[in-house]
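All chains should be modelled from the sequences, with the hints used to inform the complete structure.
Taken in order, these protein sequences are the chains called A and B.
Under the working numbering, the first sequence has 617 at position 284, and the numbering climbs by one with no breaks.
Under the working numbering, the second sequence has 113 at position 105, and the numbering climbs by one with no breaks.
Worth flagging that the hints you see were computed from the coordinates, not collected in a lab.
Note that CB positions come from ideal geometry on N, CA and C, so glycine has one too.
Take the hints with a grain of salt, since some may be wrong.
To be verified - Short, incomplete list of chain A residues facing chain B, as computed with Cβ under 10 Å: (1) T335; (2) V425; (3) C429; (4) R430.
Claimed, not checked - Coverage of chain B stretches by chain A, computed from C-beta distances (three or more under 8 Å per stretch; other residues unrestricted): (5) 157–171; (6) 224–231; (7) 245–258.
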Amino acid sequence: MTERKIVVTGATGGIGRRLEDALARRGHDVAPIGHADLELDHDDAVANLAPHLGSDVVVVHLAARHPFDPAMTTSAERRALLETNVHGTMRVLEACRDRGAARVVFASTVEVVGAADPGDADAGGAAAREVDETSRLRPPSDFAVTKLAGEDHLRVLHEEAGIPFVALRLGAVYGPRMPVRAGITSYLADAAAGRPVSLERPADDPVDVVFVDDAVAALVLAVESSACGVLAVTDGGRHRVIDLARAALVAAGGADDPVDGPGGGPTRRPRLVTRIDRARHELGYEPRVSLAEGANQVVAWLRAPPHEPPSRPRVLRSRS
Amino acid sequence: MTAPLEVGASAGRRRVVVTGSQGFVGRHLRAALALRGVEVVGVGRPASGAEIEVDLARRDLDVAALVRAIGPVDGVIDMAAIISRGSSVDAAARDNLHVIATRAVEWMEATHALSPGAHFTFCSSLKMYGPAAGPIDPEHPPQEPDPWSYGCAKALAERLLDVAAARCGATWCTVRPTYVYGPGQHLHNAIPMFLRKAWDGEAPVVFGHGLEVRDDVYVPDLAYTLAEACLRRATGAFHGGSGVGMTLLEVARACCDAVADLGGPRVAPRADPSRPAKWWLDRTFDITRSREVLGLRPTPMAEALRREALWVQGGGRLEDAIAAAPPIPPGGPS
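Right, dumping it as structure tokens:
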């Protein structure tokens, strides 16, 4: 395994910090770039990023605006999502085009598939339909739309400058230190604190998750591989929303059942299952942390007294 | 029984906003809408001569305020675009995205808020489609757009519109034009160049082997498709194409035939494989929905090319474009 120079945007995020550690442990030379270092919403980002790039540098682009609940985005939030997730990604790619990059690894989302073909949906619980990287795409939220646009522009950069890319379509990432958003991270936070767990979506909605260590493992594999394309990364499970909520309650030792929230009711989605064969074959990815185990880890961390060392200052280290 | 309320109607006229009204297709769309008795509120660049002149690339533009200033309408046909060839991920490409995608969804939402009965037609592009073989069904398109900025912007626009329409309940459709030709187009495009060469008695030259298959749509047919999609309040996806796939060499040959049929020189095209082909898209487009839902009956290419050949020979002036290629009425060609 060759030691590589790697730039990680979004390095201060839940995934970013763990990824930086994982890459550094494997002997790579990592330049972490956090929110304060790179204003993706402005064209200055191109010039600010450029000095850290070069044809031998791998860029891992994690920085993004991720709403608390993608299903509830307002028009104003959409403008911000477009600016950061699409224009901001294009700025990163422009810097790569100008200064060179060995490859780009991008965090996308399984949500780009969305409702796919509602025409042949059977929400009544018939045999699950499998989706993979070739499935028809119908992103159901502005957030997912912006992530898909990110994927499209990776292809543009590849076409123009020959820079290979891997876009990982991640399930909802959960784990210790992950920010709380609608979905599994909320269920875990509520369950651990003894609060009622309420579902913001229909209980039978299919949903993909991945424990943060597995997401990081997939990102490391993507950095080190020569694969090029789009790959779905989940924990390999076939979960519904209700399964996540129950796992949270079990991990927390709660006796109650999850309750339907404002978004609850019967599911309108077909029972989709995301296959991860391509990530397995092309990256050697293998999920290791089950939903039950992951939920246990998160609850344990949430209930443990705070004892973390102060976070390291994040600076753009100049390359000599 | 009272007649249904016609939103935006003044003295019974329907009112439609057309963005990009001053361009090649815009000119013909105006003619098609005028033929249908529709009042057109055109939106174009500063100094373009549109009823509303505005720089849609301005980041601080308040589309909702603009929509309120325009007042109630029955429909919007959104064709505004910057087509900066060669831009990929840079600032020019980001401007592309802003005008084509961000603005589209803002127009739709603001119009729906003011005129809940209004219809939104998005003028997309065949560049929505990246590499794909065989005939394309607009309802089951290839998933990856053409890997350049313009196609990505159109794909982004359609997806944003899909999400926004589901949220606000707007009625909308997308029309994806293929390669558009006809009087009023840039004279350095392929078809006018072939026609010009033929009139001059020279063999038109096709770069590459000339065997790539393409769909060329005559501009009054595209204008028909857009106008009917709007006024019939269509939903879903349509191809603004002819439904006929021809190789580039066949298109060049058809141009030569048009000129010869008009009494001009008889020449034949040739391919120049030493020059790289400009097109690498190679597919045909299913127009069944356009026929069935919109009543489209595409003009035969031979007739269309004769009209354009006359226009080219007459000087290729923009002001002659509509007379050379008149709009097609709602019932189809007379």
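To see whether the hints hold, each was checked on the structure:
Annotation: T335 of chain A was flagged as interfacial toward chain B, and the flag is violated, the nearest CB pair being 27 Å apart, outside 10 Å. Hint status for V425 of chain A: holds, given a least beta-carbon distance of 9 Å to chain B, under 10 Å. Checking C429 of chain A against chain B by beta carbon gives a least distance of about 8 Å; that is within 10 Å, so the hint holds. Using the Cβ-Cβ criterion of 10 Å, the hint placing R430 of chain A at the interface with chain B is satisfied: the shortest such distance is roughly 6 Å.
With 8 residues having a Cβ less than 8 Å from any Cβ of chain A, the segment 157–171 of chain B passes the three-residue criterion, so the hint holds. For the segment 224–231 of chain B, the stated coverage by chain A is violated: 0 residues have a C-beta nearer than 8 Å to a C-beta of that chain, whereas at least 3 were required. Look at the segment 245–258 of chain B against chain A: 0 of its residues bring a Cβ nearer than 8 Å to a Cβ of that chain, fewer than three, so the hint is violated.
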